[in-house]
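Engineer: Based on the provided sequences and hints, a complete structural model is requested.
First to last, the sequence lines map onto chains V and E. The opening residue of the first sequence carries number 1 in the UniProt record's numbering; numbering runs sequentially from there. The opening residue of the second sequence carries number 1 in the UniProt record's numbering; numbering runs sequentially from there.
Pulled from the structure, derived: some chain V residues nowhere near chain E, Cβ distances all over 10 angstroms:
no., residue
1, T78
2, L96
3, L147
Here are the simulated DMTMM-like pairs of lysine to aspartate or glutamate, each with C-alpha atoms no more than 20 angstroms apart in a straight line:
no., chain 1, residue 1, chain 2, residue 2
4, V, K217, E, E138
5, E, K108, V, E172
6, V, K217, E, D133
7, V, K218, E, E156
8, V, K218, E, D151
9, V, K152, E, E88
10, V, K217, E, E156
11, E, K207, E, E239
Example chain V residues on the side facing chain E (calculated, C-beta under 7 angstroms, incomplete):
no., residue
12, H156
13, F159
14, D160
15, E162
16, V166
17, H167
18, G168
19, I210
20, G213
21, F216
Source of the hints: derived by calculation from the structure; they are not laboratory data. All values derive from a computational prediction rather than experimental measurement. Each residue gets a CB set at the ideal place from its N, CA and C atoms; glycine is no exception.
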Amino acid sequence: MNLEILSYGFMQRGLLTGIVVSITCSMIGLFLVLKRYSLFGDALSHVAFGGIALGFFLNIYPIWTAFAVSVSTALGITKLRKSTKISGDAAIAVLLSSGFAMGVLLISASHGFTIDLFSFLFGSILLTNMQDTLLIVAVSCGVIVTLITIRKPLIHFTFDEEQAKVHGIPVEKLNYLFVALAAVTVIATMRLVGILLISALIVLPNITSIMMGRGFKKTMLISISLSVSAVIAGITISYYFNLAPSGTIVMLMVAMFVVTLIAKHAGMFSKTINEHNLSATN
Amino acid sequence: MPVNALDVENVSVSHNGVLAVNKISFNVQEGDLLGIVGPNGAGKTSLFRAILGLQNYHGKIKLFGYEGNQYTTLLSMVGYVPQKVNFEPNFPATVYDVVAMGILSKKKLVKGAALIQDCGCCWNRIFATSSKDSEKIEEALKIVGLESFKDRRISELSGGEQQRAFIAKSLVKEPLLMILDEPVTGVDMDVQNKFYSVLRKINKENKITIVWSSHDLTAISDLATRVACMNRELFFHGEKEEFFANKDMLKTYSESAMQMHMHKHDL
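Structural biologist: See the structure below:
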């Protein structure tokens, strides 16, 4: 097999970043999907666009401003939702449009649209420099370790918030930590697929694995495997066929979802249910 | 004098200015199985939510004689099964996963145990402290008769089976008290009977104090040791025999239940 692509530094960086980011997205995404916050990632990525624009405007490393703006907005909207009882979808709509509008405004007020900005919008995994790679890998590992540490209360909280509260889980603090982690994940993912396609990475592997998985851990592992495979295959295909990696990765994930959906409708996953029914009646 | 498992003193709960629970006082002794009866809208759920710290209230509630922070510590050792647990239908958790969510952290167990020993109560724990979490989960599944369902997704179970799984989830935390809010409303008789035998078992064999609301007076008369009857206010609290011997009380309950039923249909 020709492993020529691995001899390039940019490819090594791209693959490493892609793999780490896809694991993070799958993990946080499963909780987001199950909490019916699927579009929260999308909204946060639009806010991140505002943050990136602010970075360009103030001439600061844009990832830092994106982190600051996204995390503070995520925490703010969570607080607002709690105190004003705004519905989840309305809060997401407000977040999405205001974040993007802020970005457009700041960009028009500064240098105008640049290649750098487009790389954030559509992804530029193969343009990632060493500084970005180190930052993204460090942040992603931080998110993964935190999620593993808080997995038990987080699963309980995602399953049923009230029961979790009675159980003594500090649900409010946990919710703030969770949205902050989601915001951080979104920023780390921007380079891979771009602001406009982040929610695909959060949602697609998870809705696919939910159709297949039995048990929380297994579902998460399936989601991670699908996501990592799509990223590796996507980057490789895009290299050989000269395509945009972000679009290739997401289209592979869409294909996985469609194939699983067809397989499910053909009854491939219901077999296990029948086996269980038999064992339960015996 | 032994400390009560639960003391409710002059508790009132209101929703948007409407009084759902009006100055209710009663207590539950350790080992009791208190059956709470009352028509729909009588405030039973509001009262339970107040006890569980999910609802603001006026008055005083004590768990094993404790209030404040110690109350919150002990609250995590209360098992709660609501009328219906609203979970995402696609949630991929198996029955085993759901029961495992009930495991309390060692820190909470130690804190709770210390408090209970301090107040001189007998904590009849259903499982040995040294047993592993997986053994506790298997044991709880066995009590509710769901051993063979453990690898199935929770969403694949029927309503009654799900409620049994949630009871198992409450059992693994080694509860001091279980609060069951009409747990088998809307499920068939067969499942109800299975459920009642589980209830009897955990109260008699595992010595867990239970507060249970139901519309099924026959089940209450079979299982409960004491009865409370409420409709926003408390009409009766005492021995089961006394409640069922009191024809006026039964009539009041039936009438208020009927009025509530007719009122709902008028709407």
